[in-house]
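Colleague: In case you want the letters, here they are:
Protein chains: 2
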Amino acid sequence: MMKIDPPKLKKTALSKIEEIVGLHNLSFSHIDRLNYSRDSNFKSALQNHYNKTECFPDIIVWPQTTEQVQKLVKVAVRHQIPIIPYGGGSGVCGGTLPIYGGMIIDLKKMNRILKVDTQNMLVEAECGILQKVFEDELNRRGFTLGHTPSSILCASLGGCLAARSAGQQSTKYGKIEDMIYDFEVVTGTGEIIRTRNINNISGLDLNQMFVGSEGTLGIITKARLKMYPLPEATLFEGFKFPNMETAIDAIRRILQSGIKPSVVRLYDSLDTLILLSSKHGDSKMKWPGFFKPVSDELKNFGLRLGLKVPSLFQVASRVANAGCLVVFLWEGNKRVVTEEQKISSSIALGLGGQSLGEEPGKFWLQNRYHVSYKASKLFTAGAFTDTIEIAATWDKLHTLYKKMISALKGSVFVMAHLSHVYSDGGSLYFTFVAPMKGLRRSERLYDKVWGKALTTCQKYGGVISHHHGIGRLKAKYMPDEWGEGASLFRALKKTYDPLGIMNPGKLYGDKKDKKKAA
Amino acid sequence: MMKIDPPKLKKTALSKIEEIVGLHNLSFSHIDRLNYSRDSNFKSALQNHYNKTECFPDIIVWPQTTEQVQKLVKVAVRHQIPIIPYGGGSGVCGGTLPIYGGMIIDLKKMNRILKVDTQNMLVEAECGILQKVFEDELNRRGFTLGHTPSSILCASLGGCLAARSAGQQSTKYGKIEDMIYDFEVVTGTGEIIRTRNINNISGLDLNQMFVGSEGTLGIITKARLKMYPLPEATLFEGFKFPNMETAIDAIRRILQSGIKPSVVRLYDSLDTLILLSSKHGDSKMKWPGFFKPVSDELKNFGLRLGLKVPSLFQVASRVANAGCLVVFLWEGNKRVVTEEQKISSSIALGLGGQSLGEEPGKFWLQNRYHVSYKASKLFTAGAFTDTIEIAATWDKLHTLYKKMISALKGSVFVMAHLSHVYSDGGSLYFTFVAPMKGLRRSERLYDKVWGKALTTCQKYGGVISHHHGIGRLKAKYMPDEWGEGASLFRALKKTYDPLGIMNPGKLYGDKKDKKKAA
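As you go down the protein sequences, you meet chains A and B in turn. If you read the first sequence in the numbering used here, its first letter stands for residue 86, the second for the next number, and so on. If you read the second sequence in the numbering used here, its first letter stands for residue 86, the second for the next number, and so on.
Please keep in mind that the hints were generated in silico from the structure rather than gathered at the bench. Check before you lean on any hint, since a few could be wrong.
Cross-link-like lysine to any residue pairs, in silico, SDA-like; alpha carbons within 25 Å at most [unchecked claim]:
1. K193/A / D267/A
2. K579/B / E269/A
3. K537/B / R281/A
4. K217/A / L450/A
5. K447/B / G343/A
6. K487/B / S508/B
7. K488/B / S100/A
8. K579/B / E569/A
9. K544/B / H115/A
10. K311/B / D221/A
11. K419/B / E424/A
12. K200/B / I184/B
13. K578/B / E569/A
14. K419/B / R338/A
15. K200/A / K96/B
16. K579/B / E276/A
17. K447/A / T319/A
18. K200/B / G523/A
19. K311/B / I428/A
20. K257/A / K96/B
21. K257/A / T423/B
Simulated DEER-style distance windows between Cβ atoms [unchecked claim]:
22. R225/B / K544/A: 47 to 57 Å
23. S440/A / E152/B: 36 to 46 Å
24. C140/A / G568/B: 33 to 43 Å
Quick reminder that beta carbons are idealized off the backbone N, C-alpha and C, glycines included.
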């Protein structure tokens, strides 16, 4: 096990913290500090794997009430201790890495559903609740949040709010920032702010100020969200399109006709191939053309070969000419969605789509949370994987797709899908796989891929995040991303976190970035 | 004509302003200063009428470019001149009253549509454009903003953004804050900020920071908004309900079933009576029961009587037992809205509604911009009128309706409708009419009515504005309304308007309020 420097915490601070949460709600043990030294960000996992973790929290605390959170912040203010708010640790951008040490405030013990208000269709919960537990409980009562991120099994409500999460059904229900009614937040000065719905309605909208702030301004402790009745019907239809361009065009036209399917996913030919070759569950999905699912042996052989010469995959997918799979789900009132499906379908068919019936959608629904948990299998097989999600308006999506694939395909095996679409644009989601070659070389490759991806994204007018957030990973790109808007961040920091103790180094470039760049 | 003190402007400032916009784009003439001393706020009109206007701008300027706006702000910064951004002057809350004098920056000459982007369904315009001109031009090309406030004939885009406007179709299309893609703003320090769509997608949302700021942080000069194709079909159905409570319940259930009509309006029995007794256009609206439209003579007699004993109206409406009219419009794809109408209708019928067919909806559509321009007729007839719009969650709406009517009905003739409904609640809109009794007594009555209305609203959990904004009128209620959230306003002021020159005294209580309270 890795050697860790002893925690840097003054005795007075420690005894105060103990007084607030009690001995069994805090830890500075070796194993806990190691556990909380990483989140689902790949680079932190990689360093962890090689016993080269760079930063550790000094202490982890599990408060049980907002008042305890407030007191903890006040201790941190007095002793200038960095605070890292923590939920499920499911963030992939390093938003919870304790890069300056400090105190992890883990909200997992604040996980109650406080009120299911059926008259106003609002539900209030503490922010440490896991999204799956939250959604399951609402489903049991006949409701849904309409918020089902791929990370639902391990993401907390607070984390989703902090990073502007989008569920797979965001086309219909919106992103989490569209779902908020009001909330409670403990700022970096120890003030408890209870936003009111007034903020949505007149004057300034305080809700929108803390959403997406990734713990740099405060800790969101409770939130009230909109909820919906479980849909009466869910309809499915898949289509095969000859290529990305025609599929993007068809999806755009469907969205702009005013129809909001709940789910839209377009897989590029390589992603389609991979999807077709998997055999989850008892899918009966049939694919027009010569392509057939392949054996595990063949797949493993393909992976090993592809990792050596990544661009082979792009060639293979062109040869296989599998085309691009599009999956649609519509949900809501049965009679309404029946019409919505008919209209969407007729647009898709008119623009070169070939209907695949219900199967692809049902297959997707069955497996929708599986794909995020394949990283460790690949890791064991000697490879690593990560995902890059960007967003753009419709006019830029196809160019961005081509430019980003072409920027990355020489270095890694890369595929993409389009999802989370809206009338004005959507999100491209790239998955790359690379061979593991020891810590330093893998880190270099990882940094190179991310650098190429995000600079290409910015060059061609995309935005560098749609729903994974910024965290540590993308912080250094934010000055370019926000431009003059950075003054807002500085203004809010000055007010809500004048000492700079709230999740330092996240969301916006800081001195550590400069050191690395130099 | 009223005597006005000469403008307080240093020669150096004046010659600088002239250098920026040119002589014919500025004025400090008596008549212009008088014109811009009021907006559509009733109290300012009243004072104007009695030649007792309290405050005048020192100068009015009509810049033509963002760069001119920026230079004007910099002159104002150097000479500490208050700035009042001005669009159509349609605001009813006194948001453009020059209570500390200063410079009116009227954007009316910045009124171009810059780009109609059909691929991304976005449209960019300068903020001085009038909403009617904007919407008509989009309609001509086959599109709509889905934003049609009652004030559309005289409201500017910038004003709508500044005050969180809602169009009559907000149930379907959202409020203006939901329509923004990005914009350009000149802050109170003379910085030009161009927000990027990034702000909607990752990190902090700068768009949402300036929307609703009512000119207290900066001047929004250009904006890009979402647009939609003109609907293929618009369907109408009206219902008679026995009372407000059952109607509110039916509307709530329709909205919470997931259906979004474009327009929903519920008139209380008195508002229904007034509506039925009007004879705009060639309406063929039939009303079940004994009530029949009355002659103009009878109406005028009723008005004179009612103004003497306001509560008579409430009694009359109870006796007439007209019931409550509900108007629905659904718009979009024909096949989809046909189903939506059927479902809505069946819910309404099941909960005590009686169908009135298409006529009430068509009648409403024909007359939807007329009602706002009746104030001057009443004024001539020796009465004054104003409207109070509040919002609340569903559970509070009926209580708020009863409590606010009962708080006001002793002093004025008051009626209400519910509109702008969402899954979590909606907006109550009170119209009151009072006899004109000279300046001071009318002012006192006006202040008393507003005071009673807003304190009752706050007491029973409503919010004091849905789409008219705060302005000067409601500023003193904001400390209670925002609570701890006020720190956000202070933080933003410190950054974007450190000298406090941007529309001083608006949106939040200031020293003038304290003086009056004392």
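Colleague: A separate judgement is required for each hint: does it hold in the structure or not?
Modeller: Results of checking the hints against the structure:
1. K193/A / D267/A: holds, 20 Å
2. K579/B / E269/A: holds, 24 Å
3. K537/B / R281/A: Holds: K537/B and R281/A sit about 22 Å apart, inside 25 Å.
4. K217/A / L450/A: Holds, at about 15 Å.
5. K447/B / G343/A: holds, 23 Å
6. K487/B / S508/B: With a Cα-Cα distance of about 21 Å, the restraint between K487/B and S508/B holds, given a limit of 25 Å.
7. K488/B / S100/A: violated, 52 Å
8. K579/B / E569/A: holds, 16 Å
9. K544/B / H115/A: Violated, at roughly 53 Å.
10. K311/B / D221/A: violated, 34 Å
11. K419/B / E424/A: Holds - the C-alpha atoms of E424/A and K419/B are around 10 Å apart, at most 25 Å.
12. K200/B / I184/B: violated, 37 Å
13. K578/B / E569/A: holds, 16 Å
14. K419/B / R338/A: Holds, at roughly 17 Å.
15. K200/A / K96/B: violated, 63 Å
16. K579/B / E276/A: holds, 19 Å
17. K447/A / T319/A: Holds - the C-alpha atoms of T319/A and K447/A are around 10 Å apart, at most 25 Å.
18. K200/B / G523/A: Violated. K200/B to G523/A sits at ~52 Å, over the 25 Å cutoff.
19. K311/B / I428/A: holds, 22 Å
20. K257/A / K96/B: Roughly 58 Å between the alpha carbons, so the hint for K257/A and K96/B is violated.
21. K257/A / T423/B: holds, 20 Å
22. R225/B / K544/A: 47 to 57 Å: violated, 37 Å
23. S440/A / E152/B: 36 to 46 Å: Roughly 54 Å apart at Cβ, these two residues miss the hinted range, so it is violated.
24. C140/A / G568/B: 33 to 43 Å: holds, 37 Å
The structure fails hints 7, 9, 10, 12, 15, 18, 20, 22, 23 (numbered hints given earlier, in ascending order).
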